[in-house]
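Protein chains: 2
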Amino acid sequence: MNEFDVIEKYFLPLAPRGLDNDAAVLDIPPGRELVVTSDTLNAGTHFPADASAADIAHKGLRVNLSDLAAMGADPYAYQLNLAFPQKPEANWLEKFTAALVADQEAFGIFCSGGDTTRINGPLSISITALGLVPAGQALTRSGAQDGDLIFLSDAVGDALIGLRVLQSEIETADADHFKAAYFKPRPRLDLAENLRAHAHAAIDVSDGLVADLAHICRGSGLAAHVDLTKIPFSAPAQTLLDSGLVSHADLLTGGDDYVLLFAVPENKAPLFPQSHIIGRFQAGDPAVHIRDLSGAAMSFSSTGWTHF
Amino acid sequence: MNEFDVIEKYFLPLAPRGLDNDAAVLDIPPGRELVVTSDTLNAGTHFPADASAADIAHKGLRVNLSDLAAMGADPYAYQLNLAFPQKPEANWLEKFTAALVADQEAFGIFCSGGDTTRINGPLSISITALGLVPAGQALTRSGAQDGDLIFLSDAVGDALIGLRVLQSEIETADADHFKAAYFKPRPRLDLAENLRAHAHAAIDVSDGLVADLAHICRGSGLAAHVDLTKIPFSAPAQTLLDSGLVSHADLLTGGDDYVLLFAVPENKAPLFPQSHIIGRFQAGDPAVHIRDLSGAAMSFSSTGWTHF
Numbered sequence: 007m008n009e010f011d012v013i014e015k016y017f018l019p020l021a022p023r024g025l026d027n028d029a030a031v032l033d034i035p036p037g038r039e040l041v042v043t044s045d046t047l048n049a050g051t052h053f054p055a056d057a058s059a060a061d062i063a064h065k066g067l068r069v070n071l072s073d074l075a076a077m078g079a080d081p082y083a084y085q086l087n088l089a090f091p092q093k094p095e096a097n098w099l100e101k102f103t104a105a106l107v108a109d110q111e112a113f114g115i116f117c118s119g120g121d122t123t124r125i126n127g128p129l130s131i132s133i134t135a136l137g138l139v140p141a142g143q144a145l146t147r148s149g150a151q152d153g154d155l156i157f158l159s160d161a162v163g164d165a166l167i168g169l170r171v172l173q174s175e176i177e178t179a180d181a182d183h184f185k186a187a188y189f190k191p192r193p194r195l196d197l198a199e200n201l202r203a204h205a206h207a208a209i210d211v212s213d214g215l216v217a218d219l220a221h222i223c224r225g226s227g228l229a230a231h232v233d234l235t236k237i238p239f240s241a242p243a244q245t246l247l248d249s250g251l252v253s254h255a256d257l258l259t260g261g262d263d264y265v266l267l268f269a270v271p272e273n274k275a276p277l278f279p280q281s282h283i284i285g286r287f288q289a290g291d292p293a294v295h296i297r298d299l300s301g302a303a304m305s306f307s308s309t310g311w312t313h314f
Numbered sequence: 007m008n009e010f011d012v013i014e015k016y017f018l019p020l021a022p023r024g025l026d027n028d029a030a031v032l033d034i035p036p037g038r039e040l041v042v043t044s045d046t047l048n049a050g051t052h053f054p055a056d057a058s059a060a061d062i063a064h065k066g067l068r069v070n071l072s073d074l075a076a077m078g079a080d081p082y083a084y085q086l087n088l089a090f091p092q093k094p095e096a097n098w099l100e101k102f103t104a105a106l107v108a109d110q111e112a113f114g115i116f117c118s119g120g121d122t123t124r125i126n127g128p129l130s131i132s133i134t135a136l137g138l139v140p141a142g143q144a145l146t147r148s149g150a151q152d153g154d155l156i157f158l159s160d161a162v163g164d165a166l167i168g169l170r171v172l173q174s175e176i177e178t179a180d181a182d183h184f185k186a187a188y189f190k191p192r193p194r195l196d197l198a199e200n201l202r203a204h205a206h207a208a209i210d211v212s213d214g215l216v217a218d219l220a221h222i223c224r225g226s227g228l229a230a231h232v233d234l235t236k237i238p239f240s241a242p243a244q245t246l247l248d249s250g251l252v253s254h255a256d257l258l259t260g261g262d263d264y265v266l267l268f269a270v271p272e273n274k275a276p277l278f279p280q281s282h283i284i285g286r287f288q289a290g291d292p293a294v295h296i297r298d299l300s301g302a303a304m305s306f307s308s309t310g311w312t313h314f
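Chains A and B supply the protein sequences, listed in that same order. Quick note, the first sequence lines up with residues 7 to 314 if you use the numbering used here. Quick note, the second sequence lines up with residues 7 to 314 if you use the numbering used here.
Hints listed in this document are in silico derivations from the structure and should not be mistaken for laboratory results. Watch out, some of these pointers could steer you wrong.
It does not matter which identical chain is used: a pair holds within one copy or between any two.
Below, a list of computed lysine-lysine pairs in the BS3-like style, where the Cα atoms sit at most 30 Å apart [as the list claims (entries may be wrong)]:
(1) K185 <-> K93
(2) K274 <-> K93
(3) K190 <-> K236
(4) K274 <-> K101
(5) K101 <-> K236
(6) K274 <-> K236
(7) K93 <-> K236
(8) K15 <-> K236
(9) K190 <-> K93
Make a model of the complete structure from these sequences and hints.
Structure, rendered in structure tokens:
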């Protein structure tokens, strides 16, 4: 089975409109703008080299979907670019594409094309996702206003713990919970419509809560005042916090959460009943201020992930 | 200088609309469809590991632009995904981005975003290019009709020779000519409007003339009859053919040409005066038939490039 056979057998089923041409042709409905985002994950850097085919597929697609959600966009199509260290095995391809098919159905997106290559190095998956948003309604990092409440859609920190579990740095009975948080983030596309209508700014937490909140602060020219007691952590994470195996600072700077952080005016707060109010944006130098359980200002040696 | 500083200093100048958000928001003019294509180039596989920053930039972007041209699309924006083996040096980044700026101006495209990552392996550049085409006018591989003439926009084979020169397999006084063909293909975007109006099918020659012509044959359900004497080769390539250092079969199957191959009805042939008529599509089993200089049928042990 050569490259073309692999594409026809395994990747064509992801692409209901075919993979026959040099490029895909996509119609954009009137009144919609296109939202475009890319994320690359490399084995050994972004996920353990022994990660399963399904986990790589889920994470590769979902981190992009999370970016679409943060923009208030609805998923449309994605380009799948895969670099393989050697010819991929049928079993691996079956599991990889089955996971993509499941996520395509779950999140309403299809594969519009991509490229399959060889690399003298680790597996690399680079996805560019396309979304649609009503014209003029895309969310940015720069729209937060003085007095807006800071919302967090979900608990943070589980993915960081998941990575430490995978690296055998932490042992816990909740290992599966944390590994799932690491490999299968849940992009909050269900929030997109409500965010478009009522939020002033949004971002997805990929670099860590502190770093991504700082992005909104810089974009919007505001200070963020956050109360640690209001930040949601999962019950399994709280157990590890209580036992001292992880710190709050770890969980606020670890990244890979792929939850949404957004700014909402106070009078619209009741419209986000499932999300968590963790603080408030206020006039001031663009910086993140977090009060710990005792009321003291927290400081962070590193605010989040960077590649170099 | 950390990752964010590198992005701000070197990549932000490529992106006139900013890189501030999780995704780019692009307007699509009414009556236009979006054309999307991706190509990944990995050091050591798609270009020599010691290739210059400028050469990698030119080739990475232009191979995508060639796909847009083959669809009859006008360039719009591109996502730039780079995986670096180590933190890139300032000098490398300056030359890489200067080459992209030059091509952005030459071809009318801008960077809409992307991702910059680390990889425990070779440099990888994966670009997804977006183009626009009047609705319903995109070209495909499947529209060729019985009797259409087969057109080739430019000479083929120079890039294959360029690769052999780079690999020190061929020595020639025209080395620079061939290396430029390999690293700086000229995407024929200037033909896009004319192709939309008058061509029935098109493809860019990336896998090799024989392989890509076979793609049109399969897509359109036609046989292709080609006369080797009509296929254009550059004067430097002809010199190497005459001296026996390369064969016609090499030049027809080498790939990396990024010229356009297209089907035009005979009565429209005068509208493509700069392109070369190399044969004709006719009813028959989808296959490529090439007559050599003596009139005998050529056969090929390999029809073109595949990754595995």
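Each hint tested on the structure:
Taking the shortest Cα distances, K185 and K93 sit within 30 Å of each other both inside one copy (27 Å) and across copies (29 Å). When the C-alpha separation of K274 and K93 is checked against a cutoff of 30 Å, the pair qualifies neither within a copy, at 53 Å, nor between copies, at 44 Å. Proximity of K190 to K236 under the C-alpha cut-off of 30 Å is restricted to the intra-copy arrangement: shortest distance 25 Å within a copy versus 56 Å between copies. Taking identical chains as interchangeable, the C-alpha atoms of K274 and K101 are never at most 30 Å apart, the minima being 43 Å within one chain and 49 Å between chains.
In this assembly of identical chains, the alpha carbons of K101 and K236 never lie at most 30 Å apart, being 39 Å within a copy and 48 Å across copies at closest. Taking the shortest Cα distances, K274 and K236 sit within 30 Å of each other inside one copy (19 Å), while across copies they are farther apart (71 Å). Taking the shortest alpha-carbon separations for K93 and K236, neither the intra-copy value of 49 Å nor the inter-copy value of 38 Å comes in at or below 30 Å. Neither within a single protomer nor between protomers do K15 and K236 lie at most 30 Å apart by alpha-carbon distance, with minima of 49 Å and 37 Å respectively.
For the identical chains of this complex, K190 and K93 are neighbours both inside a copy (26 Å) and across copies (29 Å), given an alpha-carbon limit of 30 Å.
Figure legend: structure checked against the earlier numbered hints; hints not met, in rising order: 2, 4, 5, 7 and 8.
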